[in-house]
Structure formats: structure tokens, C-alpha cells
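In case you want the letters, here they are:
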Amino acid sequence: MCNCGENLRDQRYTALEKTLKKYRHTTGKIIPVLQEIQDIFGYVPIEAIREVSRELKVPSSEIYGVVTFYGQFHLQARGKNIIRVCTGTACHVQGGGKILEAITDYLGLKDGKMTSDDMMFTLEPVACLGACGMAPVMMVNEDAYGRLTPDEVPAILARYDENRKQKDDEKCIA
Amino acid sequence: MTAITVSINGIKTTVPEGTSILQAAAGAGVHIPTLCFHPDQEVKANCRICVVEVEGRNNLAPACATAVSEGMVIKTATRRVLAARRTILELILARHPQDCLHCSRNGTCELQQLAAEYDVRYNRFPRDEWQLPLDYSTPGIVRDPNKCVLCHRCIEVCTAVQTVNALGLANRGYDTQVVPSIDHDLFESPCVMCGQCIHACPVAAITERDQIDELMEAISDPEKVVVTQIAPAVRLALSEEFGGEPGRLRMEQLVDGLQKIGFDYVLHTNFAADLTIWEEGHELLERLQEGRNLPMFTSCCPGWVRFAEVYYPGLLNHLSTCKSPQQMFGALVKTYWAEKMGIDPEKIVSVSIMPCTAKKYEAVRPEMIDSRYADVDMVLTTREIARLFRMTGIDPLKLAGAFPAPWMGEYTGAAVLFGASGGVMEAALRTVCELQGGTLEKIDFCDVRGMKGVKEATVYLNGKPVRVAVAHSLSNARVLMEQVAAGESPYHFIEVMACPGGCIGGGGQPLTRTDRDRARRMQAIYDEDRGRQRRKAHENQEVKALYQDYLGSVMSHKAHELLHTRYTLKRKNT
Ligand code: SF4
Ligand code: SF4
Ligand code: SF4
Ligand code: FES
Ligand code: FES
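First to last, the sequence lines map onto chains A and B. Each residue of the first sequence is one higher than the one before, starting from 1 at the first, in the working numbering. Each residue of the second sequence is one higher than the one before, starting from 1 at the first, in the working numbering.
Bear in mind the hints are in silico, worked out from the structure with no lab data behind them. Mixed in with the good hints, there may be bad ones.
[Claimed, not checked] Mimicking DSSO-like on lysine-lysine, the simulated pairs with C-alpha atoms at most 27 Å apart in a straight line are:
no., chain 1, residue 1, chain 2, residue 2
1, B, Lys398, B, Lys260
2, A, Lys57, B, Lys44
3, A, Lys21, B, Lys570
4, B, Lys442, B, Lys464
5, B, Lys544, B, Lys558
6, B, Lys347, B, Lys558
7, B, Lys464, B, Lys536
8, B, Lys570, A, Lys57
9, A, Lys80, A, Lys98
10, B, Lys44, A, Lys29
11, B, Lys570, B, Lys340
12, B, Lys340, B, Lys536
Quantities reported herein were computed from a predicted structural model and do not represent experimental measurements.
Sequences are here, hints too, so could you generate the full structure?
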């Protein structure tokens with residue numbers, strides 16, 4: 001069996017079709033459909049919104065409202081690891097801005113992009129992580145890191161960075 | 001129904017169960033401010049400006065969404081209430097652009113009025129404007145999302161009244177926005193540019209695309225011959241902008257005023273409305289005879305045409321191929337009329353004055369160049385013309401009156417009817433019935449008049465029953481279209497106008513809040529029809545001359561070339 005991206009794409013769209021068929025003409029069930037779509041793609045592609053609108057006969061303006069209302073849905077593909085960095089008052093005062101900068105530098109994020117090109121990380125600035133005593137704070141997936149300094153950031157992120165690890169391994173072998 | 005007695009600011013009042021505090025207060029002569037509330041819509045209760053104090057309740061109650069209960073003691077203007085209202089206004093204003101002085105709703109804005117009413121003199125909150133780009137993607141309307149106060153009134157009109165579903169919400173909490181579907185351009189949404197959301201909006205977040213500058217440029221160019229057509233619904237409503245009852249402005253006064261502004265020739269869309277009836281009436285008889293593409297739908301409303309193109313592309317063969325009166329007029333003014341008057345069509349600027357924002361779009365549809373020029377160069381709405389009169393210091397109600405130019409200025413009562421829902425139908429019936437021979441005794445078809453959403457009638461042609469229906473507001477059109485799609489339509493001929501009440505309630509008309517106001521304009525239409533000497537389209541002498549001198553006959557090859565059109569699927573973010 002071929003394992004290339006194309007095939008993966010096909011599989012996802014077959015799954016989408018199946019989901020849509022299941023919910024066809026069930027106008028009230030937008031949220032479960034969207035959840036399944038998010039499970040299939042990792043996010044809710046705009047094209048899928050159009051399909052849901054057609055199949056469930058719900059205006060796309062309404063579906064879009066639901067997708068953007070709930071934090072659980074995402075319109076863009078997200079990276080494998082989610083970095084939440086605090087921009088709350090306490091963290092701000094303790095130099096949270098510098099932490100944010102260190103992260104964007106490490107990930108090479110430009111022009112308001114929030115996901116690294118290799119899809120390894122997505123950065124999400126949040127208002128307050130509720131750990132103000134440890135400011136400045138960031139979380140990678142479920143792990144919290146407090147009293148950070150900018151120079152600690154690359155080492156922490158490298159732990160989650162499979163691509164980088166692989167490259168390092170290759171270097172060792174060579 | 002149980003009667004309930006409450007006290008509002010010490011005034012005892014008795015109202016039926018289920019009445020809101022807002023309604024009860026209005027009945028007792030007590031004013032409570034509102035913003036998200038709209039008299040013809042569902043209660044939304046999202047702005048909270050209407051809060052009042054209710055004895056025994058800890059928090060303030062939104063008057064629009066709280067039903068009265070027996071013995072309720074309500075206070076609408078305590079210190080606490082006024083402070084809350086002012087805080088709400090300060091919060092809204094902190095996000096709102098402060099450019100009232102050059103805002104199109106300066107003087108008619110509900111937010112501006114509230115700020116004045118509640119004496120907001122400073123703002124404790126830091127300014128935090130959206131700074132989003134304006135949406136100029138459609139030729140008909142412009143959205144300024146920065147001005148939106150999130151009342152949801154436009155969403156309701158677009159969704160419930162029009163079932164177009166062009167607008168929706170995005171995000172939540174502080175980040176909530178009203179956006180065209182899936183947050184793309186309005187032109188990529190299913191928007192039909194009917195402009196009903198303009199009437200619904202309390203602020204200037206949605207407005208018509210203003211073309212006054214373009215017009216003034218043409219008028220001031222000595223090389224150009226500026227010719228205008230006026231639609232029937234414009235004159236009736238224009239009086240309201242100058243403090244008169246609907247219909248008080250006489251047509252002669254409007255013609256006079258437009259000539260004073262600098263239009264070289266003033267003509268009438270009504271002429272083309274009569275012409276439409278000749279063509280469309282024959283088309284209907286032909287289809288009835290052949291049993292082809294029935295029911296036939298009228299096609300003079302560009303909002304409706306676009307709705308069909310977006311939502312029912314498989315049924316477009318049911319639409320009459322007749323262009324709207326505006327576009328028939330446009331195709332003729334640079335051909336027939338130019339020839340008659342000996343004017344070089346190249347020099348003609350064809351301006352149309354319409355109650356409608358969708359007409360701005362219709363004029364730029366790529367098909368509309370059958371005169372080999374742009375058939376209609378620009379479209380100004382009733383509101384723009386009112387502004388133009390104010391700018392030029394003309395009060396049209398005070399003018400003596402003047403007459404339209406020849407060849408395309410005559411019109412009958414039937415043409416006037418086009419301005420109200422049911423009017424095209426009534427005008428068509430008057431002619432079609434007489435084309436079968438004989439003279440109609442009663443020419444008022446009252447069944448197709450009024451504000452009911454779907455109106456029906458049966459007429460007999462050659463002894464055979466012909467069932468007709470009239471729908472206004474696109475939600476009603478959708479019902480009739482679904483019947484056709486299911487193969488269950490009992491009708492032969494259907495008139496659709498996108499706007500509630502028809503063009504008298506069009507998106508370019510003086511701002512209109514309720515269906516009551518629309519009904520008053522409708523009455524003015526019927527009054528004018530009754531007052532006209534000729535009331536049937538086929539009695540229009542100038543139209544007869546047009547056929548004799550230029551087109552040959554009804555539905556001739558030339559008539560097809562200039563007066564008919566086609567429709568195509570429009571793929572949008574439905
Ligand atoms: S112009 Fe009409 S169709 Fe377009 S958004 Fe407004 S109400 Fe909806
Ligand atoms: S655009 Fe106007 S009508 Fe629509 S939600 Fe905003 S303020 Fe209300
Ligand atoms: S009903 Fe009249 S005003 Fe409304 S969109 Fe149609 S043509 Fe325009
Ligand atoms: S401000 Fe950063 S955790 Fe609260
Ligand atoms: S008018 Fe009552 S909450 Fe907006």
C-alpha cells in the first residue's frame with residue numbers, strides 16, 4: 001500500500017463522506033458532525049463547512065458561527081504540540097513578552113503565522129494560565145513551565161521537537 | 001387572557017399576560033430606550049440598554065425580554081438604571097469609531113441618539129476600535145464592520161425574512177463579529193443586495209454604495225447628456241425625507257427638481273414598466289398555450305433574480321426572460337430614444353433613480369450592454385437623491401412642477417403599480433385579460449394587494465382558470481419555489497419581489513422600520529393608480545409608437561435583442 005500524502009488525503013475525504021452520510025438531513029446535529037470532522041482532519045477545513053451546509057441543509061454562515069464560537073474547533077491545521085504562552089498581566093510584568101519572542105524565534109514564525117512550517121508546533125497566546133505566582137509561564141501540551149527566562153526556551157521546546165531529534169540522531173550516526 | 005396590573009414609575013397600568021415591560025411602559029406613555037430591539041423582529045436582549053429596576057429583584061431586568069407579572073413595581077429611571085445605561089453606552093462607544101460628523105447616519109443613528117439622550121460626556125474605558133477594512137465587494141451595499149454594535153438585527157432580517165443567510169456571527173465574547181458567510185467578502189456570500197439589512201441596522205454598519213460624486217461629475221461635464229429614469233416607488237417615499245406624507249410630492253415637482261439639479265432629460269421607468277407588461281404578457285400567453293415552463297415567474301426584481309440564480313439554478317427556465325423595466329429602459333435610451341432625439345448615444349449618461357440597492361448591481365451585470373454601451377451607467381437610490389436635494393438647497397415639495405421629455409415619459413396607472421407587491425401581477429392581469437378580447441369591467445385586483453406574505457387569485461382566460469400567486473420577502477418566494485422544485489406548484493404565474501411590501505420597501509428607500517410604514521406607501525401607490533387617466537399598460541401611446549416605429553411587434557427579433565435576457569448559476573457560500 002502506498003503511504004504517500006495523497007492517499008492519506010483520500011482516506012480523510014472518504015471518512016468525511018461517511019460522516020456526512022450518517023448525519024444527512026439531521027439539521028440539529030451540527031456539533032457532533034463538526035467534532036467528527038475535526039477528528040478526521042485535526043481541524044475543520046472551510047471546504048468541509050460547505051459540504052456540511054449542503055448535506056445538512058444548514059446555512060454555512062450558521063456553521064461558521066458554531067465553529068468559531070467553540071474553542072474546541074479550529075479552522076486551520078494545528079501542529080503536533082500546542083504551546084500556550086501567557087500574556088496575562090502578571091506574566092507581562094515578569095517579561096512574558098520576551099518569552100513569546102523566544103518561542104517565535106525558535107519556531108521561525110512570521111507574519112502572524114501561529115504554526116511552524118513543519119507542523120510540529122502551534123503557538124497560542126492566552127490571557128492567563130492561572131499560575132500567576134510562577135510568572136512568566138508557558139505550557140507545552142499538558143506540561144507547565146514557570147519562572148522562565150528566554151534562554152531556557154529553546155532547550156525546552158527541543159524536547160518536543162521530533163524533527164530536530166531525528167536530525168540530531170542522524171548527526172550521531174554520521 | 002388574564003389581565004395583569006403593574007406599576008411603572010408610579011403609574012398603574014393593566015395589560016394582558018405575556019406583555020413585556022417595554023410594551024407595558026409604552027402603553028403607559030413611559031419611554032424606555034432600546035437598541036437591539038426591533039418592533040418587527042424577535043426579542044434578542046443582547047444590548048441591555050433597556051434595563052429597568054424591578055422591586056424585589058437584585059439585578060436589573062431587560063425591559064424588552066421581561067414579561068410583566070401581577071403587582072410588579074417597575075422603575076425605569078432611577079440613579080442605578082441611568083448609571084447602568086450610561087456604562088453600557090460607554091462600553092459600546094469605546095469600540096465605536098467617533099466619526100459622527102462624516103457618517104452617513106449622522107442624525108439618523110440610534111446609537112448617536114442614545115449617547116445624546118443619556119448625556120454621555122466622557123468615557124471611562126480606553127478606546128479599542130476594530131480597525132477592520134470596509135467591505136466594498138458588492139456594487140450595491142457597503143459594510144463597515146467597525147461600526148457594528150452587534151445587535152443582530154441584520155442577521156435576523158437576512159435569515160428569517162429573506163432566507164438568504166448571507167450574514168452570521170463569528171467568534172464569541174469580546175471578539176464577536178457579524179460577518180458575511182464563512183467570513184469572506186459579501187459578494188462571495190449569497191447576498192442578493194436587497195438592502196433590507198440597511199433598514200434593520202441602527203447604525204451605519206451597512207449602507208448603500210454612494211454614487212453622488214459620479215453623478216455630479218457627469219452633470220458638470222458639458223459634453224455629456226445626462227438622462228434619467230425614475231422608478232414609481234421613489235417619488236412616493238421621497239416626500240417622507242422632506243417631512244411630507246407618502247405620496248405628497250407630485251411627479252411634476254420631482255421632475256422639476258431633477259431638472260434644477262442639472263439632469264438634461266427626465267424620463268420615466270414607468271414607460272418601460274408598461275412596455276414590460278406588453279412583452280411579459282405575451283410571453284405568459286405563449287407559455288400557457290404551449291404548457292411550457294410553468295409557473296412563469298416575474299423577473300423585474302434583481303434581488304429575486306439573484307436569489308433564484310444562487311439557490312435554484314435548476315429552475316431558472318421558470319423565470320420570464322424579460323429584463324426589468326430599468327434595463328429595458330437602459331437598452332432603449334441609447335438606441336431608440338437617442339435616434340428619436342438625434343443625440344449621439346456615446347454622449348448619453350443613463351442614470352436611474354431607484355428605491356433599490358440591488359438595481360445598482362443589476363446595472364453592472366455583464367449581460368446588460370445590449371445597446372452596445374452600458375445600458376445603465378449608474379443607479380442612485382431614493383436616499384441619495386434626497387441627500388442631493390438637501391445639498392443643492394432644493395425642497396422638492398415647494399416646486400411648481402415640470403414635464404418629462406417625450407418618447408419615453410408617458411406611463412399608465414398599471415406601471416405605477418410596479419412599486420408595490422402585487423403590482424406587476426395586477427398590471428399584467430389588466431392587459432392579459434383584455435388581450436383575450438373584451439374590456440375588463442373591474443380592473444382592481446384586490447386579492448393581490450396588501451402586505452400578506454403570499455397572495456393568491458384565480459382569473460379566467462378563454463374560460464380556463466389561471467392560478468396566480470404573489471410573494472414578497474424572499475422567505476415567501478422560497479416557499480413557492482420549493483413547491484415548483486417538488487413538482488407541486490398549483491400556479492401558472494407568480495410575481496416575486498424581494499423586499500417586504502415590494503419596491504416601496506426597497507433597500508434604497510428612506511429608512512423604514514416597520515411594516516406599518518410600508519403599508520402606508522402601498523396605499524399611496526393605489527391612490528396614484530386610481531388618479532390616472534389611463535390605467536392599462538396596453539393603452540400607453542408612446543409604447544405603441546415604439547413598437548410601430550422601432551421594434552416592429554411584441555416579441556419581435558429586435559425586442560428580444562434589447563428587452564430580454566438570460567440567467568446563469570451563481571455559485572456562492574450558501
Ligand atoms: S442586502 Fe439583503 S441579502 Fe444582502 S446581507 Fe443584506 S439583507 Fe442579506
Ligand atoms: S451590522 Fe448593524 S444591524 Fe447588523 S449587528 Fe451590526 S449594528 Fe446590528
Ligand atoms: S423588491 Fe424592488 S426594491 Fe426590493 S430588491 Fe426587488 S426591485 Fe429592488
Ligand atoms: S498572568 Fe500569566 S498565569 Fe496569570
Ligand atoms: S433593547 Fe432590550 S436588551 Fe437590547
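Tested hints:
no.: 1; hint: B:Lys398 to B:Lys260; in the structure: 13 Å, holds
no.: 2; hint: A:Lys57 to B:Lys44; in the structure: 24 Å, holds
no.: 3; hint: A:Lys21 to B:Lys570; in the structure: 26 Å, holds
no.: 4; hint: B:Lys442 to B:Lys464; in the structure: 19 Å, holds
no.: 5; hint: B:Lys544 to B:Lys558; in the structure: 15 Å, holds
no.: 6; hint: B:Lys347 to B:Lys558; in the structure: 23 Å, holds
no.: 7; hint: B:Lys464 to B:Lys536; in the structure: 22 Å, holds
no.: 8; hint: B:Lys570 to A:Lys57; in the structure: 18 Å, holds
no.: 9; hint: A:Lys80 to A:Lys98; in the structure: 24 Å, holds
no.: 10; hint: B:Lys44 to A:Lys29; in the structure: 23 Å, holds
no.: 11; hint: B:Lys570 to B:Lys340; in the structure: 38 Å, violated
no.: 12; hint: B:Lys340 to B:Lys536; in the structure: 25 Å, holds
Against the hints set out earlier in the document, a violation occurs for number 11 only.
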